[in-house]
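J.: Listed below are the residues making up each chain.
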Amino acid sequence: MAEVSLRNVTKRFGAVPIIHGVSLDVADGEFVVFVGPSGCGKSTLLRMIAGLEDISTGEIGIGGRTVNDVEPAERGIAMVFQTYALYPHMTVEQNLSFGLRMNGNDRADTERRVRRAAAILQIEPLLARRPKQLSGGQRQRVAIGRAIVREPQAFLFDEPLSNLDAELRVQMRVEIARLHKELGTTMIYVTHDQTEAMTLADKIVVLREGRIEQMGAPLELYDDPANQFVAGFIGSPKMNFLAGEVVQNGPTGTLIELINQNKARLPMPVVAPGLRAGDRVTLGVRPEHWGQAGAGDLDLPLAVDVAEHLGSTSYLYANTKSGEPLVIEREESRHETRRDALVVSISSAKAFLFDAAGQRLR
Amino acid sequence: MAEVSLRNVTKRFGAVPIIHGVSLDVADGEFVVFVGPSGCGKSTLLRMIAGLEDISTGEIGIGGRTVNDVEPAERGIAMVFQTYALYPHMTVEQNLSFGLRMNGNDRADTERRVRRAAAILQIEPLLARRPKQLSGGQRQRVAIGRAIVREPQAFLFDEPLSNLDAELRVQMRVEIARLHKELGTTMIYVTHDQTEAMTLADKIVVLREGRIEQMGAPLELYDDPANQFVAGFIGSPKMNFLAGEVVQNGPTGTLIELINQNKARLPMPVVAPGLRAGDRVTLGVRPEHWGQAGAGDLDLPLAVDVAEHLGSTSYLYANTKSGEPLVIEREESRHETRRDALVVSISSAKAFLFDAAGQRLR
Amino acid sequence: MSKSRRERTQTIALHLLLLPLALLWLFPLWMMLVFSTMPDYGIFSPNIELWFSDQFFANIANMQADTDFLRALGVSVIVAVIYTALSVFLTSMAGWALARYEFVGKPLVLAIILGTITLPYFVVVIPQFVMVARDFKLANTWIALIVPPLFNSLGVLFMRQAFSMMPNDLFDAARVEGVKEWKIYLFVAMPLARPTIAALSIILFLASWNNYLWPLLISTDRAMFTAPVALGSLIGLTKVSWGGIMAGAVLLTAPMLVVFLLLQRHFIAGIAAGAIK
Amino acid sequence: MSKSRRERTQTIALHLLLLPLALLWLFPLWMMLVFSTMPDYGIFSPNIELWFSDQFFANIANMQADTDFLRALGVSVIVAVIYTALSVFLTSMAGWALARYEFVGKPLVLAIILGTITLPYFVVVIPQFVMVARDFKLANTWIALIVPPLFNSLGVLFMRQAFSMMPNDLFDAARVEGVKEWKIYLFVAMPLARPTIAALSIILFLASWNNYLWPLLISTDRAMFTAPVALGSLIGLTKVSWGGIMAGAVLLTAPMLVVFLLLQRHFIAGIAAGAIK
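Listed in order, the protein sequences are those of chains A, B, C and D.
Per the working numbering, the first sequence starts with residue 53, numbered consecutively.
Per the working numbering, the second sequence starts with residue 53, numbered consecutively.
Per the working numbering, the third sequence starts with residue 1006, numbered consecutively.
Per the working numbering, the fourth sequence starts with residue 1006, numbered consecutively.
None of these hints come from the bench; they were simulated from the model.
Here the structure is a predicted model, which is why all the values come from computation and not from measurement.
Every residue, glycine too, gets a C-beta built ideally from N, C-alpha and C.
You may find that some hints are simply not true.
[As the list claims (entries may be wrong)] Keeping only pairs whose Cα atoms sit at most 35 Å apart, straight-line, the calculated DSBU-like set for lysine-lysine is: (1) B/Lys373 to A/Lys255; (2) A/Lys184 to B/Lys184; (3) B/Lys233 to A/Lys290; (4) A/Lys402 to B/Lys315; (5) B/Lys233 to A/Lys233; (6) B/Lys184 to A/Lys290; (7) C/Lys1185 to B/Lys233; (8) A/Lys233 to B/Lys315; (9) A/Lys184 to B/Lys402; (10) A/Lys184 to C/Lys1111; (11) B/Lys233 to A/Lys315; (12) B/Lys233 to A/Lys373; (13) C/Lys1142 to B/Lys184; (14) D/Lys1111 to B/Lys184; (15) A/Lys373 to B/Lys255; (16) A/Lys402 to B/Lys290; (17) A/Lys315 to A/Lys290; (18) A/Lys255 to B/Lys290; (19) B/Lys255 to A/Lys233; (20) A/Lys184 to D/Lys1185.
[To be verified] Partial list, derived from the structure: chain A residues whose beta carbon lies under 8 Å from chain B: (21) His361; (22) Ser364; (23) Arg386.
[As the list claims (entries may be wrong)] Simulated restraints on C-beta separations: (24) A/Gln174 to B/Gln174: 30 to 38 Å; (25) A/Gly156 to D/Arg1270: 19 to 27 Å; (26) C/Pro1196 to A/Leu220: 52 to 60 Å; (27) B/Ala409 to A/Gly188: 28 to 36 Å; (28) C/Pro1196 to A/Arg164: 56 to 64 Å; (29) A/Gly156 to C/Tyr1126: 32 to 40 Å.
This is chain A alone, in the form it adopts within the complex (with noise of 0.2 Å):
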């Protein structure tokens, strides 16, 4: 096990920068995930922690040692890959056993910790088959065993459950929370999925463009997002937003209009000395924190466009009078359906707010 430190790491393409000088630090034991949309370099990040992809700039530490010119077999790490990539032509246990025949290691060793990993994974029973004869989950625990049995000192996932439907990815999901418990090794793990960010990590590293936008717990970055892009990136459905400007800044909170909602005003409890009257900023409500109508700090009248009932939770589309689409999360609600008015509030203690550069005001 091991602390893997990143110092100012950037990596280019020829002249195009893709990692602009990242650095971060993920303790021994820790669950990392790097996530952010697809082209934001996390994968690229990964695998040069990996060995696989050189960095151009700066510097990389696994256990305290700095592994910068290390072959990726000598970084003590194991990497899962989005493809799964097992070898086609051996078998579940040809495939676990394969990097330590061919470095050499002792038989019975190799023996014992095949029959360790496979133990883990209960993949016992599927051993002797090959992995085209494997369902999708089956194949990723294989994976997930050859990762086991290098007794690494990290593991890192490359979006490991991509290629899953929708159901094994909950499952699969629940069962890697379940092995790093078990486990307790350092394992880094990159997703486009916020939702597999928020289920599994301990610490979460929001990723755009080769920068980090946010680095924290998942609670953290769902109530206190650092900018606009980490808000609308973190919870499903995302964060609503609406086009404001202030009015009126004072010591104590600004009061702030929406745009094209008929002059609705809200104060805000954000002092922001920078803020001038006619500066715009946006307002960012979460689908579940519209209120009833009347119980919050503003009304805004809604028409509902298209009404999602799943059983617990409803989902409704809803269109503001100027022509803004929203979405209204509501338990056990049952009534809604197309072209009914509805009107919401928004409760300014539970409303965040942005600048014009996307940035939180606080």
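Put chains B, C and D on the given structure of chain A with help from the hints.
T.: Leaving out everything else, chains B, C and D in the frame of chain A:
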């Protein structure tokens, strides 16, 4: 627009029966979703309605006319394929107009129809592009456009969203719902995803192994499933099932005892004259229906295994004392962690009871 | 970086292994170019000459005088163009039938088509010659030059593979839209098979262009000689003009080579596209 | 059902179109079988004979007497087996290098390999002969029979395609596990390329088995004749034994045909697998 009716439709591949006598009616303008696990025959059934698969016995009617021997093109239907099936060498405009041009349709009319479809789907800016220059969601929209251009009496959708990623799927789902409201045309939609079925359908048809398990409105199936299969299939996360045994059966209710749960007993308001003491039954409880300790008719002590906190909702994966895994859904609950003990309650009014054959006991 | 260092070592090792082989194999091509610039006796000179001489145009002129080489090039072009067009049409039709329809005897048809791949051409050519020349009396005709080699087994298999890898949904979509079968073939399948057709056309054109045995047998009339036959006819003369033959070979090969290298992207894409997907 | 009715019509139309062509093309094969059972003069009989006669074994016996055909078959087998094994090894190594590594001059190497596809064999063969026979003095040796045709451009392209279509993750996974590069080639890439290797082996074996021109030039010693050369040598005799040649051709072809038809599944899968994925 037209109603679609199936009368005792069967299908055999060689000697293997795939569809076992399906009868159903789709009313004019209705949105019907065929849903079921893979291999349940839902796509075959759709292709039989389209005329792309022969039917072995039975009768299919569209708009009151028997179409068993009618060519697909003459059935007045349009189909949207899972793979989009856009012609890669044609522009979007050529894709939309291809069928009409090949059948010698009047040029001005073709033009008009293409414009209309493009306007409905807001793909006018894409008309000159080729499919490979489009994103997944845009391709899907063009595929739907090609169906609209035919001005069909009924639309057939074959898992149209399963090649899209999670976020886009939600978005396109809402768009299809909107489209149905706008066009008012009969739509038959095949999916394996119960969420799509719940959110889109006027009527859901749940299929298993070539047979209809239950038909009805989404919330009807959710609140009142006819059997254990439908109960487990509709709803996410899945309904929890606990094995039980009848202790006593009377004219006003049934007393059951959970197996391996420390002789926990629950009176159920179920009148089933056929049941005898000692008969096996299954108790079903939806994840969101577990109550706080003491709030229901029976308390169940659990140990939390994995806790997923998604912000507004939390999912707790817990085990009973005897090791059965259960899922609990909680709103705004962020405190449970692994190894926490937890006591939940079952309220008999919200629980379901199934007999040994999986049939619902009411 | 350790990674690139390692890979560099590997690459050097591979080069050292493959370089001698490549030389052994490119050397004849080089010698062909050298011979084409030498006087006729040069090829038999006791010293091995490795660099060009200056007789290239003289050799060309001699050859044109000995045999009407320009006319033969014209015949070759006409034959190759017509042959390629017809053969693509026929093999694509056969490939379509084999990919799309189930019919009685289909496995047998496939087996026969495949089986003919194993036959050495010199085994087939004699009875074919007997049939065409004696039974049909077609020696020295365009038909005899073009038609008998038309049916190309590999071409049929190639086209079949290309068609059967196309997603069926495309054809189903067209059917639902009421498009007739032959229009599906012509307006959906064929345009999609374009990369395969391009690669196949190159292969067929080259096969016709380079064909020696069949035109040699079937064309005895100097006016119907193709370019390779015209070149070959020089060997039969009392004084064999090796310099002329080599110069002619360069003339025969160079345009193909240039065109091919310009089209190589399409060719590779087509081979890939043809054989799967 | 309307569907199958419609398709049946289409199929019949296609058959009517393709059947005459197929006949035109299968007829020579039939005639080869017929000729092989006829006395020598049969092939020149004024009537067209369409059915078998009874001289097959007599023809075989005559041929074995005229030329040591069994020995020649043995030479052919040895040459084809060694050639195939060596060529698969070399082309797969070259293909691996071209698929996996970036190196200076790679586009040029690729262009040369591709370019040689356009060269007609009869153009290359003469300088090759001069080099091997005169410069290296290797006429009538096993090396001369086997080595010069070894480097096969299409084989290299085929193997390169097979390797470059393999998911890179597989090789990355092996690298992370510390597997050496040559072990990745040998234990991961090669086993995965098995279908392609199988198809390529068949093609290479057939090419060697059916090769006529090169062994004809390079083997003047009767003891080093391959089977096709032995058959060809009959044409040079004062009395040409056509029946014997045809019977020998049947003997040469039949085992290949049987083996090939038994392996056809692998062949088709391999062509597909080789060219993509």
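J.: For every hint, state whether the structure bears it out.
T.: Structure-based check of each hint:
As the CA atoms of lysine 373 of chain B and lysine 255 of chain A are separated by approximately 31 Å, the hinted pair is consistent with the 35 Å bound. For the suggested pair lysine 184 of chain A and lysine 184 of chain B, the alpha carbons sit about 30 Å apart, so the restraint of at most 35 Å is met. A C-alpha spacing of about 25 Å is found between lysine 233 of chain B and lysine 290 of chain A, which places the hinted pair at or below 35 Å, so the restraint holds. Restraint check for lysine 402 of chain A and lysine 315 of chain B: the C-alpha separation of about 46 Å exceeds 35 Å, so the hint is violated.
For the hint linking lysine 233 of chain B to lysine 233 of chain A, the alpha-carbon distance of about 49 Å lies beyond 35 Å, and the restraint is violated. Restraint check for lysine 184 of chain B and lysine 290 of chain A: satisfied, since their Cα atoms lie roughly 28 Å apart, inside the 35 Å limit. Proximity of lysine 1185 of chain C to lysine 233 of chain B is assessed by CA-CA distance (about 33 Å); at most 35 Å being required, the pair is judged to hold. For the hint pairing lysine 233 of chain A with lysine 315 of chain B, the CA-to-CA distance comes to about 32 Å; that is within 35 Å, so the pair holds.
Distance hint between lysine 184 of chain A and lysine 402 of chain B is unfulfilled; the C-alpha atoms sit about 43 Å from each other, more than 35 Å. This hinted pair checks out: lysine 184 of chain A and lysine 1111 of chain C have alpha carbons roughly 30 Å apart, not beyond 35 Å. At roughly 32 Å between alpha-carbon atoms, lysine 233 of chain B and lysine 315 of chain A fall within 35 Å of each other, so this suggested pair holds. Simply put, lysine 233 of chain B and lysine 373 of chain A have alpha-carbon atoms about 20 Å apart, close enough for the 35 Å limit, and the pair holds.
At most 35 Å may separate the alpha-carbon atoms for a hinted pair to count; lysine 1142 of chain C and lysine 184 of chain B exceed this at roughly 54 Å. Restraint check: the Cα-Cα separation between lysine 1111 of chain D and lysine 184 of chain B comes to about 30 Å, which is no more than 35 Å; the hinted pair holds. Taken as a hint, the lysine 373 of chain A and lysine 255 of chain B pair is honoured in the structure, with Cα atoms around 31 Å apart against an allowance of 35 Å. At most 35 Å may separate the alpha-carbon atoms for a hinted pair to count; lysine 402 of chain A and lysine 290 of chain B meet this at roughly 31 Å.
A threshold of 35 Å between alpha carbons decides the hint, and for lysine 315 of chain A with lysine 290 of chain A the separation of about 25 Å falls inside it, so the pair holds. Using a Cα cut-off of 35 Å, the hinted pair lysine 255 of chain A and lysine 290 of chain B holds, with the two alpha carbons roughly 28 Å apart. Simply put, lysine 255 of chain B and lysine 233 of chain A have alpha-carbon atoms about 44 Å apart, too far for the 35 Å limit, and the pair is violated. For a cut-off of 35 Å, the pair hint linking lysine 184 of chain A to lysine 1185 of chain D stands: about 26 Å separates their Cα positions.
The criterion of a C-beta within 8 Å of any C-beta in chain B is met by histidine 361 of chain A, whose closest approach is roughly 6 Å, and the hint holds. Evaluation of the serine 364 of chain A hint against chain B yields a held restraint, the C-beta minimum of about 4 Å falling below 8 Å. For arginine 386 of chain A, the interface hint holds, since its Cβ comes within 8 Å of a Cβ in chain B; the closest pair sits about 6 Å apart. Remark: the range hint 30 to 38 Å for glutamine 174 of chain A to glutamine 174 of chain B is contradicted by a beta-carbon distance near 49 Å.
Hint check: glycine 156 of chain A to arginine 1270 of chain D, Cβ distance near 38 Å, so the stated range 19 to 27 Å is violated. Under the hint 52 to 60 Å, the C-beta atoms of proline 1196 of chain C and leucine 220 of chain A, about 39 Å apart, miss the expected range. Distance hint check for alanine 409 of chain B and glycine 188 of chain A: the Cβ-Cβ separation is about 31 Å, which falls inside the suggested range of 28 to 36 Å. Look at proline 1196 of chain C against arginine 164 of chain A: about 59 Å separates their beta carbons, and that is inside 56 to 64 Å.
Taking the beta carbon of each, glycine 156 of chain A and tyrosine 1126 of chain C are about 52 Å apart, not inside 32 to 40 Å as hinted.
Comparing the model with each numbered hint stated earlier shows that hints 4, 5, 9, 13, 19, 24, 25, 26, 29 do not hold.
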